[in-house]
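Mind docking chain S on chain C? Use the hints.
Sequences listed follow chains C and S, in order.
Everything in the first sequence is counted per my numbering, starting at 1 for the first residue and increasing by one.
Everything in the second sequence is counted per my numbering, starting at 1 for the first residue and increasing by one.
Where hints are given, some of them may not hold.
[Stated by the list, open to error] When the alpha-carbon atoms are kept at most 20 Å apart in a straight line, the in silico EDC-like pairs for lysine to aspartate or glutamate are as follows:
1) C:K9 <-> C:E162
2) S:K189 <-> C:E162
3) S:K265 <-> C:E162
4) S:K265 <-> S:E243
5) C:K218 <-> S:D87
6) S:K189 <-> S:D87
7) S:K189 <-> S:D258
8) C:K277 <-> S:D87
9) C:K218 <-> S:D261
Hints listed in this document are in silico derivations from the structure and should not be mistaken for laboratory results.
Please read all numbers here as calculations on a predicted model, not as lab measurements.
Protein chains: 2
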Amino acid sequence: MYRFWESIKKGSLVIRGMEVTIIGLGLIGGSLAMALRQNGFATHIIGVENNEEHGEQALELGLADEVLPLDEAISKGEMIIIAISVDAARKLLPEILDQINESQTVMDMGSTKAGICSVVENHPNRKNYVAAHPIAGTENTGPKAAINNLFFHKVAIICEKEKSGEQQLALAEQLFRSLFMKLVYMAAKEHDLHAAYVSHLSHISSFTLGLTVLDIEKDEQNIFNLAGSGFASTVRLAKSSPEMWAPIFEQNAEYLSDALDTYIKWLTKFKKLIDSKQKNEVEELMRQANDVGRILDGIELGEK
Amino acid sequence: MYRFWESIKKGSLVIRGMEVTIIGLGLIGGSLAMALRQNGFATHIIGVENNEEHGEQALELGLADEVLPLDEAISKGEMIIIAISVDAARKLLPEILDQINESQTVMDMGSTKAGICSVVENHPNRKNYVAAHPIAGTENTGPKAAINNLFFHKVAIICEKEKSGEQQLALAEQLFRSLFMKLVYMAAKEHDLHAAYVSHLSHISSFTLGLTVLDIEKDEQNIFNLAGSGFASTVRLAKSSPEMWAPIFEQNAEYLSDALDTYIKWLTKFKKLIDSKQKNEVEELMRQANDVGRILDGIELGEK
Numbered sequence: 001m002y003r004f005w006e007s008i009k010k011g012s013l014v015i016r017g018m019e020v021t022i023i024g025l026g027l028i029g030g031s032l033a034m035a036l037r038q039n040g041f042a043t044h045i046i047g048v049e050n051n052e053e054h055g056e057q058a059l060e061l062g063l064a065d066e067v068l069p070l071d072e073a074i075s076k077g078e079m080i081i082i083a084i085s086v087d088a089a090r091k092l093l094p095e096i097l098d099q100i101n102e103s104q105t106v107m108d109m110g111s112t113k114a115g116i117c118s119v120v121e122n123h124p125n126r127k128n129y130v131a132a133h134p135i136a137g138t139e140n141t142g143p144k145a146a147i148n149n150l151f152f153h154k155v156a157i158i159c160e161k162e163k164s165g166e167q168q169l170a171l172a173e174q175l176f177r178s179l180f181m182k183l184v185y186m187a188a189k190e191h192d193l194h195a196a197y198v199s200h201l202s203h204i205s206s207f208t209l210g211l212t213v214l215d216i217e218k219d220e221q222n223i224f225n226l227a228g229s230g231f232a233s234t235v236r237l238a239k240s241s242p243e244m245w246a247p248i249f250e251q252n253a254e255y256l257s258d259a260l261d262t263y264i265k266w267l268t269k270f271k272k273l274i275d276s277k278q279k280n281e282v283e284e285l286m287r288q289a290n291d292v293g294r295i296l297d298g299i300e301l302g303e304k
Numbered sequence: 001m002y003r004f005w006e007s008i009k010k011g012s013l014v015i016r017g018m019e020v021t022i023i024g025l026g027l028i029g030g031s032l033a034m035a036l037r038q039n040g041f042a043t044h045i046i047g048v049e050n051n052e053e054h055g056e057q058a059l060e061l062g063l064a065d066e067v068l069p070l071d072e073a074i075s076k077g078e079m080i081i082i083a084i085s086v087d088a089a090r091k092l093l094p095e096i097l098d099q100i101n102e103s104q105t106v107m108d109m110g111s112t113k114a115g116i117c118s119v120v121e122n123h124p125n126r127k128n129y130v131a132a133h134p135i136a137g138t139e140n141t142g143p144k145a146a147i148n149n150l151f152f153h154k155v156a157i158i159c160e161k162e163k164s165g166e167q168q169l170a171l172a173e174q175l176f177r178s179l180f181m182k183l184v185y186m187a188a189k190e191h192d193l194h195a196a197y198v199s200h201l202s203h204i205s206s207f208t209l210g211l212t213v214l215d216i217e218k219d220e221q222n223i224f225n226l227a228g229s230g231f232a233s234t235v236r237l238a239k240s241s242p243e244m245w246a247p248i249f250e251q252n253a254e255y256l257s258d259a260l261d262t263y264i265k266w267l268t269k270f271k272k273l274i275d276s277k278q279k280n281e282v283e284e285l286m287r288q289a290n291d292v293g294r295i296l297d298g299i300e301l302g303e304k
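Just chain C, with the same shape it has in the complex (with noise of 0.2 Å):
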């Protein structure tokens, strides 16, 4: 049972003093150390990291108080959480459940959730785990891009909770709550879907928008030249990185491969559009494309 379970049965406890490990102190782990440590829900971290520059630069800004190797950190923590690439962390999620005790509590932070949780489906420790999706990030990588106002106010998706322990459940929901984050539940391929859709589409459209002018623009000076506020914005998650984002694809394929037809679809017609010169159909696809302004004004508004 956990220390903290009598208290959060009862009301609002705030949980404070937990020792957390966090395996991966890039952008998302090294933020997560800062938040965690300055609202006093943690007060030791125990961090693993596998690049050595990045292990010190971690000691170095504070993120963690001691980098350890994986099997020692993971016997430390209270709260484990994983914050590596989506691939290695569906490799390593069943080796953990394998090592903890009951009192430890498992969760990953990936952007890509049936995978993880099929590998885990049937291990005897999946009441120790949480599948979570943090909707947050920068286009920036490693200990150095970390910031301590990364998760507040966004959404923390939390996927097959009906899997995870009442307590193990509680105890993530708490670490949330701590961020001032809010909560969303959802079935593991439902979120794959809605992620390929609205998260992962929006990368590859930028990332091949940045392919596409290194193409075609041989003399960089017209770049410069030509860029302004609004080509900057788009292509500004070209920067993301590769190591993060190619698992993510490998493993959202299906949803992707459908999203990307759809897409093609609308730029293959804008394109014919524009060919043969309809300026009133092209005016009016922009009319209907001026309708996520107030998807995106919503979302500005910290209504989502």
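Leaving out everything else, chain S in the frame of chain C:
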């Protein structure tokens, strides 16, 4: 002859106290009015507005001292700036050049340049016209979208400068310098080619991303829940004005068609690699795309 000409010839005069007519008091015209009044380049600003409500807003916001009918406004301006859609500008410019005297200068702010330059190529007052394009904007529209630092440290492109008179060109250059803009000179077709590749394509990628997400996400709540700052940034331009952009796409159709072909080619290649689970190749493409980050950093640092 211009009243400032002798001083400009002698050196570094900063022009002050001009009578400026601005046709179209939206995002671009309104922002220009604000900035030119603030820095003293203009002391009296005459506005022209087709949209009565926008005319009233412009007066309330202090963008213009008076809003006058077109002919009267043309007769009064020492400097006449056209900041309306590129099709309306192309129609209006020859009529303005018919009416002006030799001490007046006309400049347009349109995002395409070959079309407008061609209609006045042989006009007897061609030398009184300066073809310009400030690389600045936001996704917002109308007088209320005007912001006084929109042009600060941005690029102003001047096309076919050899066809403008020496004095008229110097006056236009002083206007842009008064806004701390960097001047770049191009042929009109060259401008349109690079604008298609860098600026116009990113608008279409964003408009069609908006259409795609609205098309496949039937439940808006999913967009709210899954949309992070990355989605918002990539789709931001989909809020842009259809009335302004449809004529730009029409006038730049040829180069845009090439740009869209290349974009669709890269998207199709990316999709094939995802479909066939070629993770390493996907990762390699993203690494290529990352290179755009180096260019974006240059833009943010104002090195352009």
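Hint by hint, here is what the structure shows:
Distance check on the hinted pair: K9 (chain C) and E162 (chain C) sit about 18 Å apart at the alpha-carbon level, within 20 Å; holds. A threshold of 20 Å between alpha carbons decides the hint, and for K189 (chain S) with E162 (chain C) the separation of about 62 Å lies outside it, so the pair is violated. Among the hinted pairs, K265 (chain S) with E162 (chain C) is inconsistent with the structure: their alpha-carbon atoms are about 43 Å apart, more than 20 Å. Between K265 (chain S) and E243 (chain S), the direct Cα distance comes to roughly 29 Å. Violation of the 20 Å bound is thereby established for this hinted pair.
Distance restraint check for K218 (chain C) and D87 (chain S): the Cα-Cα separation of roughly 30 Å exceeds the 20 Å cut-off, and the hinted pair is therefore not satisfied. Straight-line distance between C-alpha atoms of K189 (chain S) and D87 (chain S) comes to about 17 Å, which keeps the hinted pair within the 20 Å bound. Only pairs whose Cα atoms come within 20 Å are accepted, and K189 (chain S) paired with D258 (chain S) is accepted, the gap being roughly 14 Å. Distance check on the hinted pair: K277 (chain C) and D87 (chain S) sit about 13 Å apart at the alpha-carbon level, within 20 Å; holds.
Using a Cα cut-off of 20 Å, the hinted pair K218 (chain C) and D261 (chain S) holds, with the two alpha carbons roughly 17 Å apart.
Taken one by one, the earlier hints fail for this structure at numbers 2, 3, 4, 5, listed in ascending order.
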